[in-house]
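Put together the whole structure using the sequences plus the hints.
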Amino acid sequence: MKSLGSIRRDFAPWNDPNAKPYIQFDNVTKKFGDFTAVNNLSLTIFEREFFALLGASGCGKSTLLRMLAGFEEPTAGRILLDGQDLRGIPPYRRPVNMMFQSYALFPHMTVENNIAFGLKQDGMPKPEIASRVAEMLKLVKLEQFAKRKPHQLSGGQRQRVALARSVAKRPKVLLLDEPLGALDKKLREETQFELMDLQQNLGLTFVVVTHDQEEAMTMADRIAIIDKGEVMQVATPAEVYEAPGSRFVAGFVGNVNMFEGKIARGEAGSASIDAGNGLTIRTDNAGTAGAGTAVTFAIRPEKIKVSSKKPAEAVNAIEGEVYDIAYLGDMTVYHVRLDDGQVVRASTMNAARITEDPLSWNDRAWVSFRPDAGVVLTR
Amino acid sequence: MSSAAVTTSSASPASNAGKSIVARLGAAFVGRLVIIIPYVWLLFFFLIPFVIVFKISLSQTAIAIPPYTPALDFSGGISGFLAQLKQLSLDNYTWLTQDALYFNAYVTSVIIAAISTVLTLLVGYPIAYGMARAPATIRPTLLMLVILPFWTSFLIRVYAWIGILKPEGLLNQLLLATGVIHQPLIILNTYTAIFIGIVYSYLPFMVLPLYSALEKMDYSLIEAAKDLGCPPTSAFWKITFPLSLPGVIAGCLLVFIPAVGEFVIPDLLGGSQTLMIGKTLWNEFFANRDWPVSSAVAVILLLLLIVPIMLFQRAQARAQEMDR
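Listed in order, the protein sequences are those of chains B and U.
Going by the working numbering, the first residue of the first sequence is number 1, and it counts up by one from there.
Going by the working numbering, the first residue of the second sequence is number 1, and it counts up by one from there.
In short, the hints are calculated from the structure, not lab data.
Treat the hints with care, as some may be off.
Using 27 Å as the maximum straight-line C-alpha spacing, the simulated DSS-like pairs for lysine-lysine come out as follows [stated by the list, open to error]:
{"hint": "1", "chain 1": "B", "residue 1": "LYS228", "chain 2": "B", "residue 2": "LYS31"}
{"hint": "2", "chain 1": "B", "residue 1": "LYS186", "chain 2": "B", "residue 2": "LYS141"}
{"hint": "3", "chain 1": "U", "residue 1": "LYS238", "chain 2": "B", "residue 2": "LYS120"}
{"hint": "4", "chain 1": "U", "residue 1": "LYS238", "chain 2": "B", "residue 2": "LYS147"}
{"hint": "5", "chain 1": "B", "residue 1": "LYS149", "chain 2": "B", "residue 2": "LYS120"}
{"hint": "6", "chain 1": "B", "residue 1": "LYS149", "chain 2": "U", "residue 2": "LYS238"}
{"hint": "7", "chain 1": "U", "residue 1": "LYS279", "chain 2": "U", "residue 2": "LYS55"}
{"hint": "8", "chain 1": "U", "residue 1": "LYS216", "chain 2": "B", "residue 2": "LYS147"}
{"hint": "9", "chain 1": "B", "residue 1": "LYS126", "chain 2": "B", "residue 2": "LYS141"}
{"hint": "10", "chain 1": "U", "residue 1": "LYS238", "chain 2": "B", "residue 2": "LYS172"}
{"hint": "11", "chain 1": "B", "residue 1": "LYS185", "chain 2": "B", "residue 2": "LYS141"}
{"hint": "12", "chain 1": "B", "residue 1": "LYS120", "chain 2": "B", "residue 2": "LYS20"}
{"hint": "13", "chain 1": "U", "residue 1": "LYS216", "chain 2": "B", "residue 2": "LYS149"}
{"hint": "14", "chain 1": "B", "residue 1": "LYS138", "chain 2": "B", "residue 2": "LYS186"}
{"hint": "15", "chain 1": "B", "residue 1": "LYS120", "chain 2": "B", "residue 2": "LYS141"}
{"hint": "16", "chain 1": "B", "residue 1": "LYS149", "chain 2": "B", "residue 2": "LYS126"}
{"hint": "17", "chain 1": "B", "residue 1": "LYS126", "chain 2": "U", "residue 2": "LYS238"}
{"hint": "18", "chain 1": "B", "residue 1": "LYS185", "chain 2": "B", "residue 2": "LYS120"}
{"hint": "19", "chain 1": "B", "residue 1": "LYS138", "chain 2": "B", "residue 2": "LYS149"}
{"hint": "20", "chain 1": "B", "residue 1": "LYS138", "chain 2": "B", "residue 2": "LYS120"}
{"hint": "21", "chain 1": "B", "residue 1": "LYS172", "chain 2": "B", "residue 2": "LYS138"}
None of these values were measured; they are calculated from a predicted model.
Okay, structure coming up:
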């Protein structure tokens, strides 16, 4: 498969058929009464991977994490960690640690005692605890807050204490439940990069649960998109974005324009799609879909060009009317209503500081895209 | 407290700029009134009665109405009033130290109250813990069940225990019928009966503050402790119990303070030979009709209890700080 996106990856055990999986969910089902939170789900995560479970709230991603931590037992199926079946092992004997969404800092203990809590449980000698705590405080840059109680800290500082406490024991796997959910946007973006550095430096396996696709895209090596307790797709951020496996994934991650249609003629991956109303889309990414197959053609807004005149060389060019323009600073988003009524979203980077936008509301405009810009979805 | 309220209102001149001076003064007055009301209440229903009791404790007993002298009045003018004040003395307090009865009664009361408090805590903690961990939908019902005994008169409930505990009572009948014992147990008119009575009567005062402390505790703290390698029992002692400490202290003081001065339970369940300060007070007051000595007993009792009350307030202040 040709590489997608611009990031070259040296770390890709999932492409290595000989790589040994580190965490394995084998046909795991979890039911709460009549409600099925996780439905016959299988997933493998590799050592040192930064793995994200992405999904809307209530999709079962937190349940997966809690089963890994030992707070819930699967109704069926099994979970393996480094080859060991985790069934029946209580949370306090599992070599995983969790960073809680609420941080769950012990309010009656100082920052250093919070961090030392797990180490004391392991019966580590006092001097070693002290040096490990000092190391952790340095790692999260909270040295001068060691004697404070959690209620004397800001939200960002608490988040750091929670992080330091959960990595202090050097767990085999660190589980992070919406780790940045309670932080404001600026702090969240900074912390994303700090988490990535931390994971690199400590060489731990991270499994993070998030509903924020940007967060997952930024941090994770691979993302599993979960819906209704099932895995929709597991792939690198670039693959998830550029080669979504289904309509759900395409719609869930980022913005997308979708055209429903039927393959009219196809050979060797190239195809024409009859999208109704005389609209024909030519694509190079039809895959194995044969003539007559009902498909969805999905294309990202930034891959669509908007112009006032029909571009001479364009393979796909559709005429419409500018319906809405949103100026976002770094880019401008156009909503163009095609003549068949469908609204197409297109975005243009504002590379130059001062430009005269040739398009305005209600102008006639052409949307055009290359034959390799979109993907054909059959699911 | 009132000065703090004034400072905050004057600290934001911008928000007050639009209001008239009259409105502002009015608001300040209402603000102060809210603070004054409880103080006025305490003045009339605590401080003044206490001053009266204290004054009686300094008087001498007399066969008169009221049964002590001097009965302060202003008929003799200021000089007559001052002359009356000169008759007041600490004789009754000296008397309390001379008769071992009073000292023993105080000590017994404190010991009985302390043991009862510990027993109430041991019974109440699991109840409160169970309630706090129960599904949220049934918690109001459980809370109701704890409060339900208050709907019946306290006196009747204590009387009912006589029927249960007496040698031919329900408990002994049940134990004899099931063959657990062959001789009726003598419980009534012993200290055991007093403990049972106090634990039973004061249980809600223990359960409610414990419940409120345990209920607001974030359960993810326990999960976090387990996640960090702490087995459940250890997690209870390291996390749950320390965090419920404000509730434990509040509950213990709410039981201990009234239990020290308890009169009805030792009188009805403890029989005639139990020596508690509440009973001593009653005897001095009604049997001996010695108001000055019984007032002195009451004043000493109050002073004894001020220490735990102050501890209680400190614990509450600390709990409030933790909540912030």
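Q. Are the Cα positions of LYS120(B) and LYS20(B) separated by 27 Å at most?
A. 33 Å, violated
Q | Given pair status - LYS120(B), LYS149(B), alpha carbons within 27 Å | A | Holds - the C-alpha atoms of LYS120(B) and LYS149(B) are around 18 Å apart, at most 27 Å.
Q) For the pair supplied as a hint, LYS185(B) and LYS120(B), is the alpha-carbon distance within the 27 Å limit? A) Distance of about 35 Å is beyond 27 Å: violated.
Q. Given the proposed pairing of LYS120(B) with LYS141(B), does the C-alpha separation stay at or below 27 Å?
A. With a Cα-Cα distance of about 22 Å, the restraint between LYS120(B) and LYS141(B) holds, given a limit of 27 Å.
Q) Does LYS126(B) pair with LYS141(B) here, judged by a C-alpha cut-off of 27 Å? A) 22 Å, holds
Q. LYS238(U) and LYS120(B): Cα distance at most 27 Å?
A. 12 Å, holds
Q. Has the given pair, LYS216(U) with LYS147(B), been kept, meaning a C-alpha gap of at most 27 Å?
A. With Cα atoms ~25 Å apart, LYS216(U) and LYS147(B) stay inside 27 Å; holds.
Q.
Can you confirm whether the C-alpha distance between LYS138(B) and LYS186(B) stays at or below 27 Å?
A. 22 Å, holds
Q.
Given the hinted pair LYS228(B) and LYS31(B), is their Cα-Cα distance within 27 Å?
A. Roughly 12 Å separates the two Cα atoms, so the pair holds.
Q: Verify the proposed pairing of LYS238(U) with LYS147(B), using a straight-line Cα cut of 27 Å.
A: 19 Å, holds
**Q.** Proposed proximity, LYS172(B) with LYS238(U) (alpha carbon, max 27 Å)
**A.** Holds, at about 25 Å.
(Q) LYS149(B) and LYS238(U) were given as a pair; does the straight-line alpha-carbon distance stay at or below 27 Å? (A) Holds, at about 16 Å.
Going down the numbered hints, you'll see the structure goes against 12 and 18, while the others check out.
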